[in-house]
Each structure stands twice: as structure tokens, then as C-alpha cells.
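Chemist: Below are the chains, spelled out letter by letter.
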Amino acid sequence: MDAIDATLPPPVNYLNAQHGIKSWLLTRDHKRIALLYLFGITFFFVLGGIFAALIRLELLTPAGDLMEAETYNKMFTLHGVIMIFFFLIPSIPATLGNFLVPIMIGAKDLAFPRINLLSWYIYMVGGLFTIAVIVLGGVDTGWTFYTPYSTAASNTHVVLTGLGVFITGFSSILTGLNFIVTIHRMRAPGMTWFRLPLFIWSHYATALIMVLGTPVIAITVLLVAAERVLHLGLFDPKLGGDPVLFQHLFWFYSHPAVYIMILPAMGVISELVAAFSRKAIFGYNFVAFASLAIALIGFLVWGHHMFVSSQSVYAGLVFSFLSFLVAIPSAVKVFNWTATMYKGSISFQAPIMYVFGFMGLFLVGGLTGLFLASVGLDVHVHDTYFVVAHFHYIMVGGAIMGFQGGLHYWWPKIFGRKYPEGWAKLAALVIFVGFNLTFFPQFLLGYLGMPRRYYAYPPEFQVLNIMSTAGASVLAIGYLIPAIYFAWSLKYGELAEANPWGAKGLEWTIPSPPPTYNFEETPVITEPPYNYTPEFVASVTAASRPEVELG
Amino acid sequence: MADAQAHAQDLEPTALQHQFDSLEQQFDASVLGMWVFLVTEIMFFGGLFMAYIVYRTWYPDSFAAGSHHLDVTLGMTNTMVLIASSLTMALAVWAGQQGNRFRQVLFLGLTLLFGFAFLGIKAYEYWEKFQDHLVPGPNFVWDGPGNPHAVQIFYSLYFAMTGLHALHMVVGAGIMITLLVMAARGRFTRQWSTPLEIGGLYWHFVDIVWIFLFPLLYLIERHV
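The listed protein sequences derive, respectively, from chains W and H. Every letter in the first sequence is one number past the one before it in our numbering, and letter 221, counting from 1, is 221. Take the position in the second sequence, starting the count at 1, then add 1000; the result is the number in our numbering.
Any given hint could be a false lead.
[What the hints assert, rightly or not] Restricting the straight-line Cα-Cα distance to at most 25 Å, the calculated cross-link-like pairs of lysine to any residue (SDA-like) are: (1) W:K238 to H:P1138; (2) H:K1129 to H:T1079; (3) W:K238 to H:A1064; (4) W:K425 to W:F43.
In short, the hints are calculated from the structure, not lab data.
Build the full structure now, drawing on both the sequences and the hints.
Modeler: Listed below in C-alpha cells is the structure:
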């Protein structure tokens, strides 16, 4: 499994093996489906970003001058629905995961290629429903669809939005199912569970959540739709129902959904830390089991969203305690990544800058999560911008940083061309600065008492809101730069060899871009993961790379 | 060319699909895939069971009163029909392992027949409820004992749970028809009968859901 010498891209690879739009729309190649998903999530990221921009513009001034309250409600609802269900949840698993899971375990494809393609079509159909909602006038319930507002009061397109979420949920279920079966049944000879890259472990944990959680939100939004159309009374207190039951069912999925977003990013970070420190991951078993622990404990903490929703004090305390528990496996990961870097031979290239960004932002997001898990403090900051800042630090600062880092790291493998390193470093820096400028002021705003989901606010909050809007502009530029140089690199980027980073892992032993069936013959694995032996490191450092020794 | 090969393999399912190394691996993956799918189904029904638990705890008397209007005889008959269909399904899988085409067709046919019988009886029950204004929504009328709102919630859950189950039966009937055609064409051999095996898993799962639904919905009164 030593590095293959730099070779030109093979004449036939998965990108040029077939031509024409039909060869893409009917493909069963996991790598092509990953790119179809990349296309889809990029579209929805831009769409969700536009709504975010409109929100930040409205909040530039205390008065509601850009739009009416009702319009503003639709803006943050559509921003949330699109970013969560159509961008963050499929982001890493359906693109990088789809591309890399079979390759990393030495398989030719996922176990069910046709189901994989089907999942993309289901995702797109769900997306069309959401686009229809936008065209027809929007929805204003918040992405949480809380009853009885969503079932009895709102006069916007709740049912259509719910159906979009319901449908796209099945794409998530099918992706999770495919990953679980693939990881169990398709590993190459010698690829034992404890030789799996940590990217695989985190995707396995993610797939468990997708499979166990998503059906619950599916049935829940169906019940909301039925309740709204027929007034059954299931969630309406006037008709004998319990709106809090909706919250329980909703958060039973939607809290673990946060781990669907962050676990794959953690998998990416594990790969990047090892590759750019040229060291085996410190405490591999701990990091692997931490993924499973996060997935399992993550199913037991949903009540921390309901501390002020008439939940009993006893239940609140139990959920508070369980929420603190999730911090342990999360901290294990951060400590182990740090320990991996210690005395590592770190090369400062764009992907690891995203790793640093991830670790800093995830740390802030995670620790403020502990604030919110404390019942007393949560009552104070509940439904304020403190919460908004917290979950953006996890979802944007964590998940998107991981996604960007992974995209840079595997870009040469996926497209066979390198991105411009200087621009990439600049973009990483701009994103980090822009992100903090956008969201750190929101912690302060929330602590001072500015509630979320209002289109106007008292004048004393304006300075911090201007900072936040200015930060959002910087952040937008930070996302625009990679969009431009990635597109540029497809045609003009330097050709990438098989292993441009000098990294371990099966994906770096095959050509860039890979051939359709990945491996000419099924590889046999004989060594532990991240086996950066001195000989291997010496052989790859012979190639000229910018190096900084720490130690 | 690769696609043409893949296409040819689809037409000949006994052949190994490109992503697998052996028929055994392919079989194991298919079976595990179906089991994982069934787990998602449990969670899907689970949301409804959760709602049932909450509201039955809140409104035990109204639930009993609502349950009183369900036809236990028809429910019991349907339970028997489904248990019989599970037996014929198991026999069909066994016939598949033996490669006996006649028995596969016979038992799959019987399973399908039982499935239709179940759906027919269920449709009749729904029609009765419709006549009695017990379908939740604007036309719901309840003047019996208990809280009318709570009884409507009982009937909402009754229709949601049995309706979702009936939908699974319809899908199951579609699967049975597909399997029947494949069996009649002699596609299942001693070496390869994977669709029969995983179709059987699905069918048994749908039966088991009913085994839970029947007492929870029809027999409440006999418990309280």
C-alpha cells in the first residue's frame, strides 16, 4: 500500500468513461452520484444563503424597514428548512461519504448502487417541493413546525413544506442503509473493523442516526399534515391533543440530526489531522468509539430543547445530565486530535487550516452547548440569539468547516486537478474571520436578551447587529472565493498525481480521478490505519512540499 | 460498455452484480439491507405507537369506548388470515430453497390470496366506520360515552396505524405478484432465491405489526 509514483491521470476514469447527460442521470457509480449530490447541495446552499443575507440585511437597522414581519418569518423559516434538510444533512455523507466510503474500505461500489441513485432523485423531488413552496409564497412556522401554530394558525404552505421534508427524509434513510450494509459486508480482505479509517467509523455512526431517527420525523410531519387538513386533534390542546408530544417526536429526530451534521465533519477532521501531521491518530479506538457514543447518547438528550415547554423538572434534570454526557466523547475527539498534532510534522496547507478553524469554532460551539444544557441558564437565554449563535458555531463553524476542509483535501482525487493553494489559504482565513464576526456578537446579543425570530429590535442592540451583518458579508466573500477557484481548477488546475498529499489511505493508492470500479483488483489490507512509518514519511517528503517542523 | 454489462446483469439476476466479489456476499448484503430497512419501519410505526401510549394513558375510558365500536370478530378473522399468510410465505421461502417451482407458485399464490382477503375485510371495516361517522375530520360524530375529542384521537390513531399497515400490505401484494411472476418463470433455484427470502422478511414484518395493532386497538375494552 505504499504511495504510487506520480502518474498522469489514466486515459479512462469515472469522469470520462461515458459522456452525455444520460450517462450522469442514469449512473450507478457512487462517485458520479456523489457529484450529482454536490450539484444539488451547492444549489440549496446558495438558496439558503440568499435567505440568510436577507435576514441579516433586515437586521441591519432596529426598525423593520426592509420587509414586513410576516415576510421576515418566511425568510428565517426557509433559511432553516433549506440549510438543514437540503444542505447540512446530506452535505458530507452524500458527497464525500458517497465518494469515499466504498474506496476507503476497498470496495468497487456501495452495496446498492441503484438505491443510491434513487436516493438522489428522492432528494431532488423533496427539493422541488421546497422550491414550489418558495414560488407559491413561502412558509412561516420556523423550521421546527411547532404545533398548534403550524396545524391550526399559520396560513402558509405548511403541508407542502412538510411533504418536502418527508420525501427528502427517505433519501437520508436510503443513504444510511446503504452505508451500514456496505461497511458491514463490502470490506476488502484484511480490512478489519479496527483498520477502518475514522472517516468510516463516523459515517457508520451517522448512518445509524439516519436510519433510526429519520423515520420518526417522517411520521411526525405526516401527522402534522393530517392534523392541519383534518383537524384530528392529535396536537391541538383545544381538541384534547398535546402540542408537547409534537415537540418530543420532533426533537427525537432533530436533536440527533445535529449529529448527522457534525459526525461526518469529525470524520473528515480525523483524516486531515493524521494526513497533515504525518502521524497515526492518537487513541484510534477512543476516537472510533466516541463516534458511536455520540450517536447513541445523542438519542437521549432531546428534552434539552424543552426545558421551558412544560416538561417536568425531573425530566429536565435528567435530560440536562445526559446532555452533559455528550460532551465527553466530543472532548475525547478534540483532545485526541490535538495529541495527534503534538510532535507531528505539520504541513500548513489549506485543508489543515480548516481543521484549526473547526477545532476552535467547535470548541466554542460545544462549550456554549453546555451552558444551554444547564437548566437554570437555559431559562435565561432560551429563544435568544445566544441559541442561534451556539448552533451556528456547531453547524457552520463545525460542519461546514469540516466539509470545506474535506472538499479541499479530496478535490485532487475527485477531479484529478489541484486547486490554487494560496487562494485556498486566503479563503480559509476570510471564512474564519467572517464567521466569528457574524456569530460572536450574537452570543452577546442573546445574553443581553435579544430574542430570536423577530424582525425588529431595540436600538441599543444595533452596533452588535451591524457587526454581525458586516461579518456575514465577509463570510459570503469567503464562500465565493472557493466557488470561483474550484470552478477554475476544473479546467486550468495543475494535474494531480495519485497521492498529492503524501497521505495514507486506500483512496490515495488509486489514480486521480479513479477508474469507474475504483480498484483493478480487490486490495488486500495488511497494515493498521494511518501507518505513517518513518520510511513512508521519508519517501513522501522527498517530494518538495512546504514544511514546518513543530516539536 | 460497462453500462451495457451492468444492464445485462440486471436481466440475469442470478449473476453476480459488479460491486460484489461473491454470490454469498451479495446475498448477505441483500438480507442485511432488508433487516436495516425493517428497523427503519419499526421507527416509522414507533412514532404512532408513542402517540398511542400517551393518549391511551391520558384517556383510558374514551379509548375503551372508541374501541368498543371496532368489530372484534372481523379483527380476529383478519389476524387469523395474516397468520395463515405468514405460514404460506414461510413455505414459499422453503420451496424456493428447494428449487421447487410448483410449490413456490402455489404458496406465493396462497399468500397473495390471504393478503387480498385481509385488505378486503379491512376495506369493509373502513366502510362501516364511514357509515357510522367515525372517520375523524369534519364528519366525525360521537354521542357515546367518553370525551368526543379523545374518541376522535383514538380513531385518528386507528386509521393512521391500520392505514399505514394496509399501505404496507398493498406494497406487499405488489411484491408477491412480482415474486409470483419470477417463480412461474423458474427464476428461483436452489442456488439463488434472494428476492424470495427478503420478500418473506418484509411480509413477516408487516404481519407482526398487525399482531401488535390488533390487541392495542380492538381489545382495549377487555383489558380496562
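Chemist: Which numbered hints are broken by the structure, listed smallest first?
Modeler: Violated hints: none; all satisfied.
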